[in-house]
Each structure stands twice: as C-alpha cells, then as structure tokens.
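Chemist: For the protein sequence lines, the chains are A and B, in the order given.
Per the numbering used here, the first sequence starts with residue 1, numbered consecutively.
Per the numbering used here, the second sequence starts with residue 1, numbered consecutively.
It is worth saying that the hints were derived from the structure and are not from the lab.
Treat the hints with caution; some may be incorrect.
Below 25 Å or equal to it, Euclidean Cα-Cα: the simulated BS3-like pairs (lysine-lysine) are [unchecked claim]:
id, chain 1, residue 1, chain 2, residue 2
1, B, Lys-232, A, Lys-95
2, B, Lys-318, A, Lys-38
3, B, Lys-4, B, Lys-316
Number of protein chains: 2
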Amino acid sequence: MAQKIFFTPGPAQLYPTFEQHLAVAVREQLGSISHRSKQFRSLYQHADEQLRALLDVPASHAILFTGSATEVWERAIQNGAGRETFHLVNGSFSKRFYEFSAELGRTAHRVEAPFGEGFDVDQLDIPPSVELVCLTHNETSAGVSLPSAQIHALKARYPEALFVVDMVSSAPYPALDYGLVDSAFFSVQKGFGLPAGLGVWIVNEKFLAKAEALKAAGGYIGTHHSLPSLWKNAKNFETPATPNVLGIYLLGQVAADLNRVGAAAIRRQTQERAVQLYKAIAASEGLEVFVRTPDHRSATVLVAGTRGSAPALIEKWKGQNLVVGSGYGSYKEKQIRIANFPANTDEEIAQLLTAIGQA
Amino acid sequence: MAQKIFFTPGPAQLYPTFEQHLAVAVREQLGSISHRSKQFRSLYQHADEQLRALLDVPASHAILFTGSATEVWERAIQNGAGRETFHLVNGSFSKRFYEFSAELGRTAHRVEAPFGEGFDVDQLDIPPSVELVCLTHNETSAGVSLPSAQIHALKARYPEALFVVDMVSSAPYPALDYGLVDSAFFSVQKGFGLPAGLGVWIVNEKFLAKAEALKAAGGYIGTHHSLPSLWKNAKNFETPATPNVLGIYLLGQVAADLNRVGAAAIRRQTQERAVQLYKAIAASEGLEVFVRTPDHRSATVLVAGTRGSAPALIEKWKGQNLVVGSGYGSYKEKQIRIANFPANTDEEIAQLLTAIGQA
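Bound-form chain A, shown alone:
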C-alpha cells in the first residue's frame, strides 16, 4: 500500500529521519534502560541541549517532560496562579486552557475574539491582580496566530505577571524571547514530527519561585509533576516518574536534525511555504482563506473554507494519499485544516499545491 502523506495538525507527518532514529533506539535497547541510569541522563541531557539550541532557551529556564501538552495546561495553572489567571480565547484550545483554570478553582479572566479572528494586544487591559497570563501562539482549531512580537509587547507592559505561551501547534516556529516569556510548551506530535505521548514544558526560575510560594502558603501544586518536583529531577537530567524514554530520545535526535538545518532556515522555509499555500488556496476555485486579517493567519496550521463539501474534498485527496485535517467541531462540513510542519519535504508540498490548484 502506498504511504500516505500527512498534512494534519497533529498527530502529523513523521520527520523524515524518524525511522532511522527508531532503528538505532531498538538496536541500543533504549526501551529497556533504567530511567535512573547514566545512559538515560545523557539522553535527557542531549534532548535538553538540542532544544535549547533550537529554541534559544537560556539557563534561567528548565526543560521538563510531561505526559502531554494538555497536562501542562493543568500544571502551569496549578503552579503559576493561586487565585487569578488571564486568557486570550479565540478557539477550542485556548478555550479549554481557560476552562482548566476555572476547574482548578481559579478566577479566570478572558478576552474573547470570534472564531477566525485574532487580538489587538495594545487594547488589552489586564487587571493587576492577575498572576498568570495564558496565551496561545497558534489556535489550532481556527488557524489563528498571536505573533511573537505581540506576545513580547504585552509582557513588556505587564512585567510582574507570569506569562505562559501555548505553542503546541507551532513550535519550533515561534522565535520567542525567553527574557520575556516565563514559560512555553508544546507536544511532540506536531511540529517535531514524532509519535504522540510526550509534552515539553519550558519554564523559568521566577515561575518556580511562584510555585514554591504557593506551596508554602498551603496551596496544592501537584504531586510527582509539581513544578518543584519536575525541576529538582531535571537538574540531574532525571524525571520524577518513569517517562516516555523512547520519546525523549527521538525528540533529542529530531531536534539535532533541525539544528543541522538551523532554526532560522526552518522559520524561513515555514514562512515561504505558508505564503505559497495561502496564495494557492486564494487562487483555487474550490477553496478560500478563512482568516481575513493577514497578520493573524497561522504559518503552521492553515484553515481553508470549502465551497463544496469539506469531507468530500478530504476523501478525494485521500485517494491521492494526501491527508489533511478536517475543520474543527461545527466547521467540519465547510473547512479543512492544513498543517505546514518541517517534516514535509519540498516535493510533498509541491504535490499539495497541485491538489489545491485543482480543488
């Protein structure tokens, strides 16, 4: 059977080197090694170093592993806010992040934009009582991005609050300034082109101090995956519980591959491909670009409205072994979502552009 090419927003196309790294992992019996061994610690250290280089993460920030990025929503709020959080909500995922805060008993403020629209951060007013500002760099359901520059500008106006950035469906694309961003996180089954089952949480010392203060005041900040517990273990390149060892190994290897290409080159390629894809969608008879404001259009998850039935188009493309994502929730019938992640080759993008041209 012919192999499918995935342009889905995650799980997504696997990075071209995935199979070769997996073969090494099997040969070296990494599925059996102890998570308290030197071999595991150097494997964690390698992933840490490669991610630091790729994303420009300074020593003030730790790189921690969880079960998923969804878990980081919970852990970040538990450890970063005792009472109040602030959220920008413009789709299903930023909304769930917001809802987690209320489920955790916090007062969650939100500013909402309609599905498909972004924010003008200059107009935002964040109450001084807010401890944690939760931003979504890329709203996966709507294909709307909050540009890094906007995130940095907002933080500059509110230096006291902790800022956490969900970059689940955009990392490693956003060039975040970790001098301003206290925390950011992603999962590996999107822009890193790996199988699901691992969340990555980047978080700084100020965030850790907040978690420790919350705990000292009698707050509940989690057990094995409290920030102090994760942090303490990470200083020794270990984890509080047995982690997805294979996932951490593969992430380190793919991050190293991405570093060989270079972060700047990957970002440039992502931008160039996004321009081509949006242009093709706009020119296509059967498709239209969903997000109106060009500055808010995501470079990594592109949403297109379909003139005809979206499921029919998805089926047609599947026949050509091109797999794109369906529209989210109630947009299933009239939208498709196209991921633009580094795992896809130029040739695959060319095939997709041809299909878009014929839609």
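Position chain B against the provided structure of chain A, taking the given hints into account.
Modeler: Frame of chain A, contents of chain B only:
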C-alpha cells in the same frame, strides 16, 4: 555488539514480539493517525478487549490510559477520597503512594511493615471514616508481595470502602477478583515488556460515582484526567488528550500475544520460574533470599542479598550480557533485584540460573 538480556524490574526486557509489532506500526503510519479517527478507536478497543480477556476485567470496570502509573497514584486519590485514605506501607513505592495522599491534602492513615516484610491482613483495623484503601500488590523496592487472596479477604471485611491495587510490577500476574477490587493499575514497561510512557488504570462505576460526588461537593478531581473525563472518553474508545497512540497499539498486540499463551499458563510459568530462581539463590554461595517469609516473597521481583559487593556482581554479570537491577536506595551495596516477567524466554532464565549458581 551482543544484545543484553534484561532482568531489571522496569524498564525491563521487551516482549519477544515487540520489534515485529513496532514494524507493523511504522508501516501502517500509526504515529501519524488522528486520535479522533475510527482507526484510533478500533486500536483502543482492541487493547481494551485484549486486556479485559487477559486480566478478567468485567463490564463494570473501564480501562483508561494515563501518562504513567505514578500519575494514577495522584488521580486515584483525587477521585476516590475527599478526606481519608488508608495505606499499607512496606517500601519506597507504597510509601510514595501514601505521601501523595498527604500532598493532596488528605488524611492518610498507614500501617507500616519493615523493609522486606509483609502484612497479616487479619490483624488490620481500618477506621470506618476511610474512603479509599490503597494496597500495593508488589512492593518493587523490597520484593514483597501482598497476595491476591489477602487483598480479597480484606475487602470482604470492608465492603464499603473503595479498594485500589497498585500492581505496577506484577501485572499481568495477580489474578484479581474485580467483583471485589474497585480499581487496579500498572505501567507497561514492566510485566508487559514494552517501552515506558503509558499507565493503565482499571476502575469501576462505584469509583466513578465517588468522583462525581466529590466534584458535586466542590472538590477538585483533576481537569483532563479527572475520572469522569477519562471515563466519558473511554466509552467511545477515545482519550481526553492526545495519548501515546503507539504505546496503546503495542500494548494491545502484546496483550493479544499473552492471551494466546493464556493467563493461567503465564501465571503458572511465573510461579515455576520464581520457585527455580529462589531455589538457586538459596543454594548459591554468594547470594541469599532477602524476604524471610515464603508467603510474602514476590514472584515477579526477587530480591537477593549479596555476600560480597552487589555492584561488583552486577558488573560481572553485565560482562555476560545479563542485566539485573540494583538494590533499592540504601540497599544498593548489598542487594540485587531480579525481575521475573513474561518477556524472558526459557533459555534466558536458564542462563540466569547458571549465573546465580556461580555467584
């Protein structure tokens, strides 16, 4: 390089069919499929059905997936007790389970036995205010087991309380009666011979009702991994967040392999090998059986005291490509731990028996 044979208590030797299942997963591109697809749901359903058959889990219980068994410690207490838990503690892991309850703000009762000793459940007195009784079928640090019959006898005396059984380092060995056991859990990197990164939580309707009551009373029971959230998704063979898809697939396949052997045959084999291994340890000049009471000796994680240096013996055996576990914590210098999991072949056990005879 010669392949190592692992007799470590987890991560452990991979099941002999692991590579072949992994090759299928890669060929079928399971790392890229959507966790909201029919393909994923049938993969979850297959794992569910195979685990049900293997462990004799009735329809009253759901089979749920978490990031790790450690996470289940947290989720089980969050969802099963608003105020009070009761723990049998006789080693590092049952102690951590106990500590989680206090970290979660519960009143945690404990009955403690010295390291290497078990319990006489007839003598136990559980306060009527206890909502959740937390038992460890196999204390991995000390090689001490709490036999299933004892667990069942204790529950028969306290039918009102919820019972949860940690069988992390013994599943699929314990033949638990799920008419009595409300919940049990394990991780896949031990007796199932798979890479780490997945916890399995078996839990019944009574436990779910408790979680819902706690939530209704304003308690915090978790966000995406609250029991009601996991349960609702599992009814549709889905998960609240993107799970370790590959891990669930591999677990279903290995459970099917184990079913082909048969649960009874696996248990018999585990018992027979344990008898042989304990006999060899007792007869060896350099080793002695650590757990004094035969009824308390674990069949799946065997602890042996060493007359000489334990690290030296471990190194010597590594030279023969036989990898056993070190003694836990302060027992590192004077003990080794030997896992007896279904993944090892008769030939591998024979090699280990020879090495033990020469120790």
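Chemist: For each hint, tell me whether it holds in the structure or not.
Modeler: How the hints compare with the structure:
For the given pair, Lys-232 (chain B) sits about 20 Å from Lys-95 (chain A) by alpha-carbon distance, which is consistent with the 25 Å threshold. Taking the CA atoms of Lys-318 (chain B) and Lys-38 (chain A), the gap is about 15 Å. The hint holds against a cut of 25 Å. For a cut-off of 25 Å, the pair hint linking Lys-4 (chain B) to Lys-316 (chain B) stands: about 13 Å separates their Cα positions.
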